[in-house]
Structure formats: structure tokens, C-alpha cells
Amino acid sequence: MHQQIKASPEDTAQNMRLVIEALAAAEINIEAIAPDFDPPHIRVLVKHKPNYKKDDPTDTFNRALEAIRGIDGFEPTAVRAVDPIRMKNEPGALKKALDSIEQGANPQVIDSILVLPAAQGNYAVVSIGVQGEVDDDWADQAVQLSVAAEQAIWGGEDIN
Amino acid sequence: MHQQIKASPDSTSENMRKVVKALSNAGINIEAIGPDFQPPHVRVLVRHKEPYKANDASDPFNRALVALRGVGLDPTVVPSVELVSMPNVPTALQAAIDALDQQGRVLDSVLVMPDAAGGDALVSFGIDTTIDDAWPKEAERLGGLVQAAVNKVR
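Chains as they are written, first to last, in my numbering: chain S, 1 to 160; chain R, 161 to 314.
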């Protein structure tokens, strides 16, 4: 399982550098990283255990938050991301996904796009961040939004 | 082969939306997209034919430039090092950026594509410099250096 972290406060390039250094020093793998749509924030994607617990100091995700908090001036926050979407490698696929998330039954405001390295066959895996706080309802919404986006991209086609 | 395009002028999210829509309407595949380190610019990675010719109207890369100009953007082709195959392990990205730092290069974008071969990601590093006749060879040299640095942490 993955989750996005939003981090701050210098210019984008410097923030990117500081986050990469902090996570490398803590031996934490960066699944994906990119500037936030709201500069100069950075989004970084880190794995967490399947049954995520905020108070588990051994969870890689919590270790990442701790490592980033250790950078002077940084206040990392866990942010909303739709469950990773399997993206077809063809024209229009990304637009269909964005349209589905922004204009579907549960419209969201997109604020980041991260690509994961897990390519299989003819698709990329993409994590799309959206505005709002992570609350108890979010996990179910994240799955529903992902399912709807994949339906928009693939229709009835067999993804695998 | 791939090359990065830089596009502008509204907010980052609005630019992102505009680029995605324009390229979708033109039937051009987006290999990768992300915000530039210099907001509100957006970077998009599009394939081009090999060898690339700037006057070939059928080349998807040139079609992408036309499509972006058509929606009021002022796209520019920007320098990036040859794609680097990045293992999914801690410190790989740090090794890559350190290698570029040691060459005195300033990074201004990171775009990620999945590597169809499996576990690795293919990463396009944008560099803050100008494209001149010497750039293709330099891009290849830097790509080789970064790849060698990354391979050490596999």
C-alpha cells in the first residue's frame, strides 16, 4: 500500500533535494516524487503496511514522516490520494482519468500526479492526489474513485 | 526517443489540465507529465522519431508543440539527460542527483515513466541549461554517468 506525503518550505528544487536526502539517510525507498501543483510543496509516495497504524514507529510511512520532520522547517502531512490507477499507455488515457476524478459522481480537485515504477504489460501505475483531509471515510472513497477512473480508461477491456 | 517540452502560463493545475486536454485532442500519447521545479510551468515527455527533424510535421513531438501552441501555450523544448533506469531501492534517486551535482548540473525537473521490462522506473532528469549542438552528446554522457552511479546502489 502507498500513501502520499506533502512537504514544504524553500523553493521547489531545494525542497526536492532535502526530502530525497532525508529519506535516503533514513534508508526509506521513494516510490515516486514530484512537485505539488501548489508550489513549492513536494509530494512523495512511500509504502506503508497493509493495516496502517499511525502509532507504529516501524511502519516505513511513519518513519518517512519522522525523517521529513527532522528537516528544519518541514511539516509533512499525509494527504488524500486516489488508490493507484492502472493507466493505459495510449493517447487520451490520462485525460479520461482526470475527467473521471474531477467530473464523476464524487468530484475532486486534483493537486498532484505521481507515477510509480510498477509497469506491467501495457500500463503505468499512477497516484493522483486530491484536495481534502484524510478522514475515516477516505479509504473507501479512494478505492471507488480509482475503480471509476479505471472503468473510464479501460471500459470492459481486460487490463492484464 | 523522448524529449521534454516546457509549457506555461496559468496556475500549475490549470496548465496541467490544458496540456493533457490539448494532447488528448490531438491523439498524442503523454509518456510522462509533471510540474516544473519553476512554477507554474509544466513538463511533458513525448516520443519523437529517430532521427528527429524539426520540420517533420508528422513527428508526434512536433505535433505536440503545434497542439500546445494551439491552446495559447508557448511550449519550448528543454534539455534533459538520456533516460536513466532507476531501481526501486532506497538512495537510488539520491545517487542520481549527487552524480548530476558533481558535474555542476542544476536539476529543474524529474519525470518518471514505467520501464516495461519490470521493476525499474525510467527517469528523465531536466537540466537548467540551453540546448546547443553539443547537447545531445552531453545528454548521453550525463545519462551514462548517472546510470553508473545508480547501478552502484542496486
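Quick caveat, the hints were computed from the structure, so don't treat them as lab data.
Fair warning: there could be bad hints in the mix.
[Claimed, not checked] No farther apart than 25 Å at their CA atoms in a straight line, the calculated lysine-lysine pairs in the DSS-like style are these:
| hint | chain 1 | residue 1 | chain 2 | residue 2 |
| --- | --- | --- | --- | --- |
| 1 | S | LYS6 | R | LYS312 |
| 2 | R | LYS178 | S | LYS95 |
| 3 | R | LYS166 | S | LYS47 |
| 4 | R | LYS178 | S | LYS96 |
| 5 | S | LYS49 | R | LYS178 |
Hints and how they fare:
{"no.": "1", "hint": "S/LYS6 to R/LYS312", "result": "violated (29 Å)"}
{"no.": "2", "hint": "R/LYS178 to S/LYS95", "result": "holds (10 Å)"}
{"no.": "3", "hint": "R/LYS166 to S/LYS47", "result": "violated (30 Å)"}
{"no.": "4", "hint": "R/LYS178 to S/LYS96", "result": "holds (13 Å)"}
{"no.": "5", "hint": "S/LYS49 to R/LYS178", "result": "violated (36 Å)"}
In this structure, the hints that do not hold are numbers 1, 3 and 5, in rising order.
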